[in-house]
Amino acid sequence: MNVVVCVKQVPDPNSVGQLDPVTHTLRREGVEVVLDPGDEFGVEAALQLAESSGGDVTVVSMTPEKGAEAIRKALAMGCARAVHITDAALVGSDAITTARVLAAAIARQPYDVVITATESTDGYSGVVPQAMAEFLGIPALTFAKEVSVQDGTVRVKRQTEAGFDIVTAPTPCVVSVTAGINGVDNPRYPQLRGIMQAKSKPVERLTPADLGITAVGSAAAGQVIVEVLPAEERGAGEIVEDDGTAAARIVAFLAERKVI
Amino acid sequence: MAVAKTWIYAEVSEGRPTTTTLELRTQARSLGGAVEAVVLHPDAQAVTGVLGDHGATTVYLSTDAGFAELLVGGPAADTLAALVPVHRPDLILFGSSYDSRDVAGRLAARLGGQVIANGLDVRVDDGVVVESTVFGGTQVVRTRFTGAAPALALIRAKSFPAEPGGGGAPLVVTVDAVISDINRKARVLESAADVASGPKLEDAPVVISGGRGLGDPKNFAMLDELAGLIGGAVGASRAVVDAGWVPYAMQVGQTGKTVKPAVYIACGISGAMQHTVGMKGAKSIVAINKDADAPIFKLADLGVVGDALKVVPQLIEALKARG
Ligand SMILES: Cc1cc2nc3c(=O)[nH]c(=O)nc-3n(C[C@H](O)[C@H](O)[C@H](O)COP(=O)(O)OP(=O)(O)OC[C@H]3O[C@@H](n4cnc5c(N)ncnc54)[C@H](O)[C@@H]3O)c2cc1C
Ligand SMILES: Nc1ncnc2c1ncn2[C@@H]1O[C@H](COP(=O)(O)O)[C@@H](O)[C@H]1O
Numbered sequence: 001m002n003v004v005v006c007v008k009q010v011p012d013p014n015s016v017g018q019l020d021p022v023t024h025t026l027r028r029e030g031v032e033v034v035l036d037p038g039d040e041f042g043v044e045a046a047l048q049l050a051e052s053s054g055g056d057v058t059v060v061s062m063t064p065e066k067g068a069e070a071i072r073k074a075l076a077m078g079c080a081r082a083v084h085i086t087d088a089a090l091v092g093s094d095a096i097t098t099a100r101v102l103a104a105a106i107a108r109q110p111y112d113v114v115i116t117a118t119e120s121t122d123g124y125s126g127v128v129p130q131a132m133a134e135f136l137g138i139p140a141l142t143f144a145k146e147v148s149v150q151d152g153t154v155r156v157k158r159q160t161e162a163g164f165d166i167v168t169a170p171t172p173c174v175v176s177v178t179a180g181i182n183g184v185d186n187p188r189y190p191q192l193r194g195i196m197q198a199k200s201k202p203v204e205r206l207t208p209a210d211l212g213i214t215a216v217g218s219a220a221a222g223q224v225i226v227e228v229l230p231a232e233e234r235g236a237g238e239i240v241e242d243d244g245t246a247a248a249r250i251v252a253f254l255a256e257r258k259v260i
Numbered sequence: 001m002a003v004a005k006t007w008i009y010a011e012v013s014e015g016r017p018t019t020t021t022l023e024l025r026t027q028a029r030s031l032g033g034a035v036e037a038v039v040l041h042p043d044a045q046a047v048t049g050v051l052g053d054h055g056a057t058t059v060y061l062s063t064d065a066g067f068a069e070l071l072v073g074g075p076a077a078d079t080l081a082a083l084v085p086v087h088r089p090d091l092i093l094f095g096s097s098y099d100s101r102d103v104a105g106r107l108a109a110r111l112g113g114q115v116i117a118n119g120l121d122v123r124v125d126d127g128v129v130v131e132s133t134v135f136g137g138t139q140v141v142r143t144r145f146t147g148a149a150p151a152l153a154l155i156r157a158k159s160f161p162a163e164p165g166g167g168g169a170p171l172v173v174t175v176d177a178v179i180s181d182i183n184r185k186a187r188v189l190e191s192a193a194d195v196a197s198g199p200k201l202e203d204a205p206v207v208i209s210g211g212r213g214l215g216d217p218k219n220f221a222m223l224d225e226l227a228g229l230i231g232g233a234v235g236a237s238r239a240v241v242d243a244g245w246v247p248y249a250m251q252v253g254q255t256g257k258t259v260k261p262a263v264y265i266a267c268g269i270s271g272a273m274q275h276t277v278g279m280k281g282a283k284s285i286v287a288i289n290k291d292a293d294a295p296i297f298k299l300a301d302l303g304v305v306g307d308a309l310k311v312v313p314q315l316i317e318a319l320k321a322r323g
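Protein chains in written order, with the numbering used here: chain R, 1 to 260; chain D, 1 to 323.
Bear in mind the hints are in silico, worked out from the structure with no lab data behind them.
Keep in mind that the hints are not guaranteed to be accurate.
[As the list claims (entries may be wrong)] When the alpha-carbon atoms are kept at most 25 Å apart in a straight line, the in silico BS3-like pairs for lysine-lysine are as follows:
1. D:LYS185 <-> R:LYS145
2. D:LYS200 <-> R:LYS145
3. R:LYS258 <-> D:LYS283
4. R:LYS258 <-> D:LYS298
[To be verified] Reference listing, derived: stretches of chain D covered by chain R, where coverage requires no fewer than 3 residues with Cβ under 8 Å from a Cβ of chain R:
5. 47-59
6. 73-79
7. 107-121
8. 143-149
9. 233-243
10. 254-263
11. 296-302
In this text, a Cβ means the ideal position worked out from N, Cα and C, and glycines have one as well.
When you get a sec, could you build the whole thing from the sequences and use the hints?
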């Protein structure tokens with residue numbers, strides 16, 4: 001089976017991100033970029049599907065910056081090859097443009113399943129997978145907690161507000177996966193051998209223009225950020241060290257708020 | 001640009017519009033212009049009255065079985081895409097549910113248009129402007145739609161109160177379900193609910209949440225007991241949901257639920273911004289954490305530096321003694 005996984009390169013989530021109040025773009029100085037932690041689960045799910053069906057995994061990533069840290073890690077985890085769409089003009093692209101570019105890159109080769117995460121850590125628009133499925137003209141099984149493929153049918157245990165649904169679709173289809181997919185606590189870690197092998201795996205570099213898409217970046221986005229403000233902060237209140245009386249203090253607090 | 005017509009994509013659950021759907025109408029009414037609803041569900045007929053009460057003057061509905069038997073995102077996007085050019089709404093509001101994200105994402109791609117997710121507020125200011133927060137609620141961003149109508153916005157739950165607007169019975173217009181062959185392919189075979197007793201997490205006056213600091217899944221039983229005593233609901237951090245201690249339906253935060261109870265009690269939760277974004281709208285916050293430097297204390301009205309495994313049982317005893 002040909003599995004594709006879409007991975008996003010994001011500023012290290014352990015450093016607090018900030019939008020520049022003047023330019024309205026992400027401040028990137030001194031911030032490392034990494035494979036989105038959510039997409040690590042996407043890579044894990046994609047590799048599991050390829051392993052169980054005897055296929056392999058192609059990574060697709062679109063980044064305004066030239067660096068390909070996310071792709072390198074996905075290859076080191078075990079993906080076979082990568083398509084890297086990169087162009088400075090991509091800065092400020094919205095979710096729909098992103099989906100259009102990714103779909104165009106994916107559609108060039110035969111594929112069975114396209115894996116994404118449910119939302120990215122930095123943008124969390126959470127609509128790229130569905131929009132991409134629309135551009136590809138295929139169904140999307142979203143918010144998967146579990147995914148498997150048998151005889152050309154994809155079966156997903158889908159997260160819902162109340163519990164879960166079991167949903168199915170024939171291949172080809174898009175599957176967006178949640179953290180903890182297939183009961184995995186931590187996605188596989190790249191091994192030294194994988195890191196070495198990654199260096200010789202093929203990475204195809206494309207620009208959106210190579211895919212016939214010229215309207216990208218902030219100019220093509222149907223939206224513009226008009227203002228960035230600091231959010232109202234909640235102040236800290238009373239802090240007590242528990243000396244055995246904290247429970248009584250909490251009871252008094254609840255009574256003052258009239259919830260007991 | 002004024003907003004002459006706002007549509008609400010109304011979701012139905014257990015024969016009622018979802019709370020978020022009703023919250024959207026409160027918002028839509030404040031924009032001026034007509035407020036109309038689209039409801040695509042086998043039970044659609046049952047909810048038109050409530051939608052009217054909350055201010056919808058017209059309800060477009062289809063009760064096609066496809067909207068339940070199929071994964072709804074595709075079929076609903078197909079049907080909306082057919083209605084939009086006929087009725088020309090300026091703005092379509094969606095709640096940030098899983099299904100609505102599916103609908104809005106596909107519809108935006110189909111219309112070649114624009115969608116803004118994670119909205120907290122919508123206003124008209126030289127066009128439609130959506131306010132959202134980024135980076136765990138540390139910064140507020142206002143984004144204006146600049147492309148062709150309709151603008152699509154996904155609004156997070158609990159962004160507005162669900163107030164009835166005193167409207168009368170709406171005009172009900174039955175529309176055709178338009179479902180493409182592609183969107184007939186994703187089927188729902190079964191639906192299951194995680195059973196929880198007591199009030200729903202989103203509606204409970206008190207939410208008691210547990211995190212990794214509880215040390216063991218079985219310690220959640222303490223929180224259940226506490227919740228039972230004060231009519232609260234139990235929530236959780238993502239760390240313990242990902243670890244499989246409790247179901248996802250209990251997760252509070254950026255990728256979980258937003259709660260705004262009168263009191264939120266965080267037990268053994270560090271207070272990562274992805275968690276606090278889902279609970280900092282609570283009226284009061286109590287935190288129990290053994291690390292005095294835990295970030296959760298920065299927003300707690302009452303912070304207890306101590307062992308949750310000691311404090312919670314004492315709290316239970318104290319409440320029982322109080323009777
Ligand atoms: C894209 C993205 C989305 C996310 N979405 C969410 C989300 O929706 N919700 C969410 O919660 N998280 C979310 N997270 C994860 C978040 O960043 C944190 O990792 C998570 O909230 C931490 O959970 P925790 O506080 O239970 O665990 P920890 O951070 O490990 O904290 C445990 C705390 O317990 C304390 N403790 C230990 N023992 C005791 C004891 N006996 N008594 C009292 N205190 C004790 C410790 O001091 C510590 O502060 C998201 C992360 C990302 C990247
Ligand atoms: N620039 C990108 N390159 C590759 N994949 C992406 C990109 N942006 C989004 N995705 C995929 O879409 C998912 C959801 O992202 P989003 O809709 O932006 O929150 C991510 O987890 C990725 O799998």
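We went through each hint and held it up to the structure:
no.	hint	in the structure
1	D:LYS185 <-> R:LYS145	20 Å, holds
2	D:LYS200 <-> R:LYS145	22 Å, holds
3	R:LYS258 <-> D:LYS283	12 Å, holds
4	R:LYS258 <-> D:LYS298	24 Å, holds
5	47-59	violated (count 0)
6	73-79	holds (count 3)
7	107-121	holds (count 10)
8	143-149	holds (count 6)
9	233-243	holds (count 4)
10	254-263	holds (count 4)
11	296-302	holds (count 6)
Comparing the model with each earlier hint shows a violation of hint 5 alone; every other hint is respected.
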